[in-house]
Amino acid sequence: MERPILKPVGTPAAELDTPALVVDIDRLNANIETVHGFFKSREAKVRPFVGSHLSTAVARRQFGVEGHAGGLTVSTVAQAEVFVAEGFTDVFVANQIVSPGKIARLCALARQATIYVAVDNPGNVDALSEAAASAGVSLRAVVDVDTGLHRCGVEPGRAAVELAAAAARSDGLEFGGIATYEGAILSDDPTVVEGETKKALQRLLDTRQAIEAAGMDVPMVCAGGTHNYTVAGSMGGVTDVAAGSYALMDAKYKDQRPELKCAAKIVSTVTSVPEPGLIVLDAGNKATGADAGLPIADDVDGEVFSLSAEHGRITMNAGAASSPDLGDKVWLTPYSIGDTANVYDIMHVVRDGVLEAVWPVNARGLYW
Amino acid sequence: MNAFRPAIGTPMEDLETPCLVVDLDALEHNYRKMANTYAESATKLRQHVKNIKCPQLAMMQIEAGGTVGGVCAAKVAEAEAMFEGGITDVLIPNQVVTRDKIARLCQLAGRGAVSVVVDDLRNVQTISEVASRHNVEIGILVEVDTQMGRAGVRDVRSGVELARLAYRSPGVRFKGVMSHQTIDGDADPDRETRFTEGRRMIQKCLDVKDAIEAAGISVEVVSTGETWTYDVAAAIPGVTEVEGGTYALYDTMFHYMDDFQFAGKIVGTVISTPRPGVAIGDTGSRALASPRGMLPSVASHENVTVERIFEDHIVLGVGAGPPLEIGDRYLLHSGQQDIMVNRWDRIVGVRDGVVEGVYDVSARGCHN
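In the order they appear, the protein sequences are chains A and B.
Using our numbering, the letters of the first sequence correspond one by one to residues 1 to 368.
Using our numbering, the letters of the second sequence correspond one by one to residues 1001 to 1368.
Only chain A is shown next, with the shape it has when bound in the complex (with noise of 0.2 Å):
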């Protein structure tokens, strides 16, 4: 467990105890207001997808303000019992479930949530349908397309339609719809996303068509996130965008999305000054859980090269003016948000650089 000295409401951002993760709540109230704002008038609308926070708190920020579909994504079954818990009523685990045991917790989640759940599988479709049948409840089997990722899916098409007639007429499931995952485009031209997104999401609102044409109805589209969510958003067929990332940012889409702004940060304390133009820093990889990519130094003219388990160290760029000495703050822009909330117990929310109010992030570590 994190057990950092816990400070005061009222205590100014820079005297927090290091590193800590920091949440900038108008920001994050911003970005909500935004990526909301897009979709409010808009067929399609955005299912959170709470890995990339892991905090009941920031959802319920997500769903207090309109242009959400009523529901979130998430990864894991643990990670949809919490979330349940806290009176989550609509819940997408966006993965294959196939153990017994995790089949009897999604069941005995179904009595208290409307549960979706991803298949690829026709074994796993009689699998989950035996186990909710003899539970009497009912789970929506969404199918899982490959549309390019190459990760799990059923091919487009044929394939997509003999698992959703599947998952149609089997006891205790209902057919809840389709759903990709195209994976992250990392392209700093807008017309590359929206050309490559377009391309991988047509093959999944021909599916549609397909499963459709074989007479089914297709309640939910998903796909779609952050970097992304205006051009899957404005594709009719596409009615959910499982974006998770919009909510507190991080360096990986920041220059993709500059609408949003970088609400998640961790302040790590300069430990040593070892040589000119070299800084360690308190806050390594296990501090920042930074297994895709570096932390950015904000306001240091520097760069973090390289994570160590403990320690992080920043390179001063030549002909830099001034250089942060021994106790200094160094503020720190994750990288990808997901991997870095899921290190930490706790968010200190501040406002005006003010630490205002500290929130649990309660779905962290929850793998199963």
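Warning: the hint list may mix true and false statements.
Distance windows between CB atoms, simulated [what the hints assert, rightly or not]: (1) P1237(B) to H150(A): 56 to 62 Å; (2) E1013(B) to K261(A): 43 to 49 Å; (3) E1063(B) to V192(A): 58 to 64 Å.
Bear in mind the hints are in silico, worked out from the structure with no lab data behind them.
Note that CB positions come from ideal geometry on N, CA and C, so glycine has one too.
Assemble the complex: chain A is given as a structure, and chain B must be docked to it using the hints.
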């Protein structure tokens, strides 16, 4: 956090996945290896607990023998977790620079032996001031940079200067010198290379010791060495303690050594088999850690390799041999296990395929 805690006696195949397990036979082998190495040596082990973050597992090594009776902890919060687990001698081989954290160290120093490393004169002054006010004594070691280019003094003269200041300052007791070093594992170093390189690096630390002694200050502790130099450091006269940590659970970074066994394993389940030759598992990078893109290795299936990792998924390549089916289980070895352990609240201890104990990773998330 989570409520999932398997009962003792649970067969391993019933564990919900992903799950971090420790093979207790292998762990005990590794602990005995260290106990035997240092039993008759003037050098002793000071286990680095950043790799296990669990006082019970640290106590097992202390009971097995070969140690100084204490441990290393990377952070003040980690040291607190060890004290709570009954360990009363902790060295923090890291710089602690803020007054409030030093005050926490002082609280611990009132209950046991606490030492910390320094590389900056100002830090010595601050520790001295805070410790004097708390009326306790903090042990001080000078960190020497021998190879990493991270924290630590870069030259002998700076080391002597720090020792002099610590020696004459109230509230602190100068104890000795410390260093940490790495070797390029990709180059597959053999035993001779480990010895040559290890001796060369550690000599820099001993050079500082010699210079401090020449200045008339006695050096009681030389704390250096780690898993890859556990035998090297023990053979160098003057080294009093070795800071190994990875040896306990082990990881593939040390593939070039066969002195220790892989005790830590992650159990996963296949959730999707979308195409021939590919299986998708439920063990993603959030549960495994993949710093710098480092991938885990498959320990259970010779014909299966890790191809790619996502936050919540792993893509396994299945070569000629038995296929992987949905629901099949596999075991992984970590690429860098201390970062992996930091993603878990529990370690499940198994022996002969049955759960024997469940250990709280009480220092998980102790970044502060």
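Would you list, in rising numerical order, the hints stated earlier that this structure does not obey? none
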